[in-house]
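Trainee: Chain residues, written in single-letter form:
There are 2 protein chains.
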Amino acid sequence: MIKDHFTVAVVGCGIVGGGTAKILHEQASDIRNRTGIDFRLKYVCDIRFDNARALGLPESLFVTDYKTVCGDPEVDVVVELIGGKTLAKSVIEEALKSGKSVVTANKALLAAHGTELFGLARENGAAVAFEASCVGGVPIIRTLYDGLLANNINSFIGIINGTCNYILSAMISEKKDYDTVLKEAQKAGLAEADPTLDVTGHDSAHKLAILSSLAFSTDTDLSAIPVEGIDRLDLFDINMADEMGYTVKLLAIAQKTEDGISLCVRPSFIKKDHPLAWVSGSFNAVSVYANNLGHSMYYGQGAGSLPTASAVVSDIISLALGYKETRFDTLRIWPDKNKRLPQLPLDRYSSRYYLRLDVEDKTGVLAQVTHILGKNKIGITEAVQKDPQPQRPVSLVLTTHRTTEAAVRQAAGELRRIPEISKVITLSIVDEAE
Amino acid sequence: MIKDHFTVAVVGCGIVGGGTAKILHEQASDIRNRTGIDFRLKYVCDIRFDNARALGLPESLFVTDYKTVCGDPEVDVVVELIGGKTLAKSVIEEALKSGKSVVTANKALLAAHGTELFGLARENGAAVAFEASCVGGVPIIRTLYDGLLANNINSFIGIINGTCNYILSAMISEKKDYDTVLKEAQKAGLAEADPTLDVTGHDSAHKLAILSSLAFSTDTDLSAIPVEGIDRLDLFDINMADEMGYTVKLLAIAQKTEDGISLCVRPSFIKKDHPLAWVSGSFNAVSVYANNLGHSMYYGQGAGSLPTASAVVSDIISLALGYKETRFDTLRIWPDKNKRLPQLPLDRYSSRYYLRLDVEDKTGVLAQVTHILGKNKIGITEAVQKDPQPQRPVSLVLTTHRTTEAAVRQAAGELRRIPEISKVITLSIVDEAE
Chain C
1 MIKDHFTVAV VGCGIVGGGT AKILHEQASD IRNRTGIDFR LKYVCDIRFD NARALGLPES
61 LFVTDYKTVC GDPEVDVVVE LIGGKTLAKS VIEEALKSGK SVVTANKALL AAHGTELFGL
121 ARENGAAVAF EASCVGGVPI IRTLYDGLLA NNINSFIGII NGTCNYILSA MISEKKDYDT
181 VLKEAQKAGL AEADPTLDVT GHDSAHKLAI LSSLAFSTDT DLSAIPVEGI DRLDLFDINM
241 ADEMGYTVKL LAIAQKTEDG ISLCVRPSFI KKDHPLAWVS GSFNAVSVYA NNLGHSMYYG
301 QGAGSLPTAS AVVSDIISLA LGYKETRFDT LRIWPDKNKR LPQLPLDRYS SRYYLRLDVE
361 DKTGVLAQVT HILGKNKIGI TEAVQKDPQP QRPVSLVLTT HRTTEAAVRQ AAGELRRIPE
421 ISKVITLSIV DEAE
Chain Y
1 MIKDHFTVAV VGCGIVGGGT AKILHEQASD IRNRTGIDFR LKYVCDIRFD NARALGLPES
61 LFVTDYKTVC GDPEVDVVVE LIGGKTLAKS VIEEALKSGK SVVTANKALL AAHGTELFGL
121 ARENGAAVAF EASCVGGVPI IRTLYDGLLA NNINSFIGII NGTCNYILSA MISEKKDYDT
181 VLKEAQKAGL AEADPTLDVT GHDSAHKLAI LSSLAFSTDT DLSAIPVEGI DRLDLFDINM
241 ADEMGYTVKL LAIAQKTEDG ISLCVRPSFI KKDHPLAWVS GSFNAVSVYA NNLGHSMYYG
301 QGAGSLPTAS AVVSDIISLA LGYKETRFDT LRIWPDKNKR LPQLPLDRYS SRYYLRLDVE
361 DKTGVLAQVT HILGKNKIGI TEAVQKDPQP QRPVSLVLTT HRTTEAAVRQ AAGELRRIPE
421 ISKVITLSIV DEAE
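If you read the protein sequences in the order shown, they are chains C and Y.
Mapped onto the working numbering, the consecutive letters of the first sequence carry residue numbers 1 to 434.
Mapped onto the working numbering, the consecutive letters of the second sequence carry residue numbers 1 to 434.
The hints are simulated quantities; they were obtained by calculation from the structure and are not laboratory data.
Take these hints with a grain of salt, some might be off.
Since the list gives no way to pick out one identical chain from another, each pair is judged satisfied if it fits inside one copy or across any two copies.
EDC-like, lysine to aspartate or glutamate: derived pairs with alpha carbons at most 20 Å apart [as the list claims (entries may be wrong)]:
hint : residue 1 : residue 2
1    : K272      : D76
2    : K3        : E382
3    : K423      : E325
4    : K337      : D30
5    : K187      : E420
6    : K272      : D242
7    : K375      : E258
8    : K375      : E26
9    : K377      : E360
10   : K337      : D273
11   : K377      : E74
12   : K386      : D431
13   : K423      : E116
14   : K85       : E420
15   : K337      : D4
16   : K67       : D4
17   : K97       : D72
18   : K272      : E174
19   : K3        : D329
20   : K3        : E325
21   : K89       : D72
22   : K187      : E174
23   : K187      : E123
24   : K375      : D234
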């Protein structure tokens, strides 16, 4: 079953595609020494070859039509690294229909159409491998389909967008506001010119959809994931977090309960003694809570050419070693093999909360605040009053006992109706390092 | 090739064996739902069944003779969880000779006889899986034989003994000396009654031998690994580390150079911004530096019944999914398939260093110290003088630029010959978070 050679076509020679082709071209003998298999890069398919040439890849590999690649019977695997959801989808479909397995890093496509593509792969006796779609080269997908197979996964929490984590880390360490740090990150090439997909949390949501579908063996509905980004975060709350022993991180959170799964992406407070609080700069990490193993964490670069290509090439190797037969065909953890578990509304999300109330004039207001929180059964664990800063009202900062999003939203709505309260900010708190 | 059922015998029903039997007995349907395979626990083999009974395992599984187990043609895998190097070795040999694959957590045995046992497995068409031998249920072995296969691994650093990390964490946070914390850990069941194997660093050395043999595809010589434990650490140096922005950890360090591999276990300073510095209590973690992926880290419980059993059961599942054929038979990374790379003497080890000199009377001594360091080409990055504590001489604390163990040993020897210097402590410093 295991052949002594394996022929690869890379479609899309950008950042990750270029890195993949470079590894296959330059490190082929190292990889052969480890695996016993000769990986042959036969095609680099793109419409422009500036990057391919800059990387020193031989012209003889270059083709412009992906149908040439998909139609070549010698090709064992088509590596889709174009990105986007249109041409990339056509390439993957064409490859699968030709019975070729596919490796992809395309999180947006998989989050939207993964189940459909996995089904198509099966119809055609092929497989889709996608380690590179989440957390770059860190083997988190393998952890879910292999390393933790002896476990029921109860929940996981990820810092899975490097741009957001870089911006938040800089806001904390340099005490600069969001707009300033974003501009600096863009100048340094650490944020896209249009950073929307990253900073609004939607890139994290794509990865959350993929990871949760594997962790919980379910099809997930991307559009039903509540997403909040870092673009409306106030430096004041980030500084308060720091003062109170927390760090603000953009977290992708997945919890399984008896009623279904609860998924969300949101900036949250996380206790400084939780290992995720230590993850700084552009690094990513995922903390997994499993019934037998307990808490484990996987950390590394979530983006970049060679780190992501490391995952792509690992998938190519796995395919050569029988991933299709031993994992993709056999395991029942893939979303196309499972019916969809209910995705609970955010109202059901349960955690501790941070509340910041900007209060014009405190007299008598505190009694109203306590009354509203009490009525909504929200217990207070800590209260801090910050003296007015220039042009600011008094800020009353509260942290709560565990409660639900529904209760907090209800209370926040009522608080906003008090005339002396000009602003109500709520952020959830993650503090269990199980 | 993949059967719909797989029959398991657990030999040794202690902490990990009990956990393994419990998972297979109680969670069989969950595992079948994920894997599509029916795992059948047929035997629990031991000479006493107190633990097995306490766990509610059915009496019908109990046998006392491992030859019954190894001779039963229905059994697909023998799980050796006896520990030690005598009976455990016989059980594994018997199983392999019967053509049955083996899962084991036995790090001492594998570190000493792994290459031989892998060879025996191959002769008999069987395999040995050993995820549970290092870092409990954290899939670090899989990371080396699967997730990072697209990389050359340059180095790795591990905190791979929970007892030592617990003791060091408590010494730092509670400012208590080694003996006091050890006694408390023993009372709390977090250190063995005879803690020698842990605190002298030899348990870490076993794991280092196993991890480095896979990371560098080489047979390693356990007896050639320089090992230093935490049992002679002074609270003074631990506090100094803290003051200077470091944490003291017992590190297992592996570096690959052009000349060979450099392995050691030793307490070291590690910069507080390195993720390994955050690993506290009984948690373990391994930082891996790979040519494509860069720095990645794997974190979790390194011991305990269910966390370790999680790795054992994952290995059983992998065997059912074809681990023998797709990984053990094919990959060329196993020590029995490779010749031994040279293991460099500790003299060649290169890092920054911390030096503490206890000086009776400072006048004129500093000039001699600077002279000796200069002569040995050791540059100083920081110098701190601590005022005498009760019954203590002045402590002169220095950190150095990168140098070699040979230079530091030579200098320390010369420094010890200065009559006014009563003590010289040297500890290496790890500060690169690549």
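Trainee: Indicate, hint by hint, whether the structure satisfies it.
Mentor: How the hints compare with the structure:
In this assembly of identical chains, K272 and D76 lie within 20 Å of each other by CA distance neither inside one copy nor across copies; the values are 47 Å within and 46 Å between. Neither within a single protomer nor between protomers do K3 and E382 lie at most 20 Å apart by alpha-carbon distance, with minima of 63 Å and 57 Å respectively. Taking the shortest Cα distances, K423 and E325 never come within 20 Å of each other, neither inside one copy (57 Å) nor across copies (63 Å). Within a single copy, K337 and D30 get their C-alpha atoms only as close as 37 Å, which misses the 20 Å cut-off; across copies the closest is 15 Å, which meets it.
For the homomeric pair K187 and E420, neither the shortest alpha-carbon distance inside one copy (41 Å) nor that between copies (56 Å) is at most 20 Å. For the homomeric pair K272 and D242, the shortest alpha-carbon distances inside one copy (9 Å) and between copies (17 Å) are both at most 20 Å. Taking identical chains as interchangeable, the C-alpha atoms of K375 and E258 are never at most 20 Å apart, the minima being 28 Å within one chain and 69 Å between chains. For a Cα distance limit of 20 Å, the shortest separation of K375 from E26 qualifies neither inside one copy, at 66 Å, nor across copies, at 43 Å.
Taking the shortest alpha-carbon separations for K377 and E360, neither the intra-copy value of 25 Å nor the inter-copy value of 65 Å comes in at or below 20 Å. In this homomeric assembly, K337 and D273 never come within 20 Å of each other (Cα to Cα): the closest approach is 38 Å inside a single copy and 43 Å across copies. Taking CA atoms no more than 20 Å apart as the test, K377 paired with E74 passes in neither setting, with 66 Å inside one copy and 59 Å between copies. Taking the closest pair of Cα atoms, K386 and D431 never come within 20 Å of each other, the shortest separation being 23 Å inside a single copy and 38 Å across copies.
Taking identical chains as interchangeable, the C-alpha atoms of K423 and E116 are never at most 20 Å apart, the minima being 44 Å within one chain and 70 Å between chains. Taking the shortest Cα distances, K85 and E420 never come within 20 Å of each other, neither inside one copy (48 Å) nor across copies (74 Å). Proximity of K337 and D4 under a CA criterion of 20 Å is satisfied inter-copy only: 17 Å between copies versus 31 Å inside one chain copy. In this assembly of identical chains, the alpha carbons of K67 and D4 never lie at most 20 Å apart, being 26 Å within a copy and 38 Å across copies at closest.
Only within a single protomer do K97 and D72 lie at most 20 Å apart by alpha-carbon distance; the minimum there is 13 Å, versus 45 Å between protomers. For a Cα distance limit of 20 Å, the shortest separation of K272 from E174 qualifies both inside one copy, at 18 Å, and across copies, at 18 Å. With identical chains, the CA atoms of K3 and D329 are at most 20 Å apart both within one copy (19 Å) and between copies (13 Å). In the homo-oligomer, the alpha carbons of K3 and E325 lie at most 20 Å apart both inside one protomer (14 Å) and across protomers (12 Å), since each shortest distance falls under that limit.
In this assembly of identical chains, K89 and D72 lie within 20 Å of each other by CA distance solely inside one copy; the values are 19 Å within and 51 Å between copies. In this assembly of identical chains, the alpha carbons of K187 and E174 lie at most 20 Å apart only when taken from the same copy (17 Å versus 45 Å across copies). Taking the closest pair of Cα atoms, K187 and E123 never come within 20 Å of each other, the shortest separation being 47 Å inside a single copy and 60 Å across copies. When the C-alpha separation of K375 and D234 is checked against a cutoff of 20 Å, the pair qualifies neither within a copy, at 28 Å, nor between copies, at 55 Å.
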